[in-house]
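**Q** Sequence:
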Amino acid sequence: MNDNERWVRPLGSAGTAEWSVAIDDSVDGWAHTRLYAVDLAPGQSRTVAAGEWEHVVVPLSGTVSVTAVDADGGTHEAHLAGRESVFAGPTDVAYGSRDAELTVTAEGGPARVAVCGARAAERHTPPFRHVGVADVPVELRGAGVASREVRNFGIPGVLDADSIIACEVVTPGGNWSSYPPHKHDEDRPGVETDLEEIYYFEVAPEAGSPAAAGTDPVGYQRVYGTDARPIDVLAEVRSGDVVLVPHGWHGPAMAAPGYDLYYLNVMAGPGRERSWLICDDPAHGWVRDTWSGQPVDPRLPFGGAR
Numbered sequence: 001m002n003d004n005e006r007w008v009r010p011l012g013s014a015g016t017a018e019w020s021v022a023i024d025d026s027v028d029g030w031a032h033t034r035l036y037a038v039d040l041a042p043g044q045s046r047t048v049a050a051g052e053w054e055h056v057v058v059p060l061s062g063t064v065s066v067t068a069v070d071a072d073g074g075t076h077e078a079h080l081a082g083r084e085s086v087f088a089g090p091t092d093v094a095y096g097s098r099d100a101e102l103t104v105t106a107e108g109g110p111a112r113v114a115v116c117g118a119r120a121a122e123r124h125t126p127p128f129r130h131v132g133v134a135d136v137p138v139e140l141r142g143a144g145v146a147s148r149e150v151r152n153f154g155i156p157g158v159l160d161a162d163s164i165i166a167c168e169v170v171t172p173g174g175n176w177s178s179y180p181p182h183k184h185d186e187d188r189p190g191v192e193t194d195l196e197e198i199y200y201f202e203v204a205p206e207a208g209s210p211a212a213a214g215t216d217p218v219g220y221q222r223v224y225g226t227d228a229r230p231i232d233v234l235a236e237v238r239s240g241d242v243v244l245v246p247h248g249w250h251g252p253a254m255a256a257p258g259y260d261l262y263y264l265n266v267m268a269g270p271g272r273e274r275s276w277l278i279c280d281d282p283a284h285g286w287v288r289d290t291w292s293g294q295p296v297d298p299r300l301p302f303g304g305a306r
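So for the sequence shown, my numbering puts the first residue at 1; every next one is plus one.
Simulated from the structure, these hints should not be mistaken for lab results.
Each pair of labels, with its calculated beta carbon distance range:
| hint | residue 1 | residue 2 | range |
| --- | --- | --- | --- |
| 1 | P282 | L234 | 17 to 27 Å |
| 2 | V191 | E122 | 21 to 31 Å |
| 3 | S20 | V191 | 29 to 39 Å |
| 4 | S26 | P282 | 29 to 39 Å |
A quick note: this is a predicted structure, and the numbers were derived from the prediction, not measured.
From the three backbone atoms N, C-alpha and C, an ideal C-beta is built for every residue, glycine too.
Build the full structure now, drawing on both the sequences and the hints.
**A** Below is the structure:
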């Protein structure tokens, strides 16, 4: 089995009877993060069992309700207004701690939802939280053709949690994201944290352009290793596809001209420090220095004024 076959999961290849996408520790070599995604008909539900995982519910499209039953039997509820699509702007999300069972139900119409998870050493207090869309920081990162929009709903300082780090990134057609290539696969205090990472993708015709019949929205993702830990992935990705990053340099994530690219990132690792510390590939890190003289892509942010 080559690395593309091992670490790239096209839609339909990583599902179960309950979920169209199901990535968890049943995957060989995967230990710290999980991701489930599914399309729900109006009123349809899915439940994630309680256990040693904490979770964040992310509406990808539509509106959902979330009910959590915590370890003490307490019940918590949230209505997530969601959005029309991942390209329409950020969304509110819901967090459930370790040992909290979560049930997600589509409300008022069909919905597509993702449930991100990370192995948690301790129960977090409070055991449930609704993060409103107004509390989700939107960052415009990079410049020029490396411009992208980052929605930081599940990072330290925004969401209190035990181990999970999650965000979503939208990249306009023709731009490069996750760039310069970077890694986070060693525990080096103050420099780098050891985090495995999930990329879940959606791709659509570029905003403002006519969606011609027969379009096949596509993007690309690169992962490559160090001399000590080789990995070699170059994946063509479409909506619903997943790329797993167990280690190594990852990037760029490439939005093909004409197609906007979205990805949901889920990260966690074995260390007790919940922090996203990265190092750039020294062969390409110099690119960051060129951004100071370039404007941010005027197509950003998606779904709203600056």
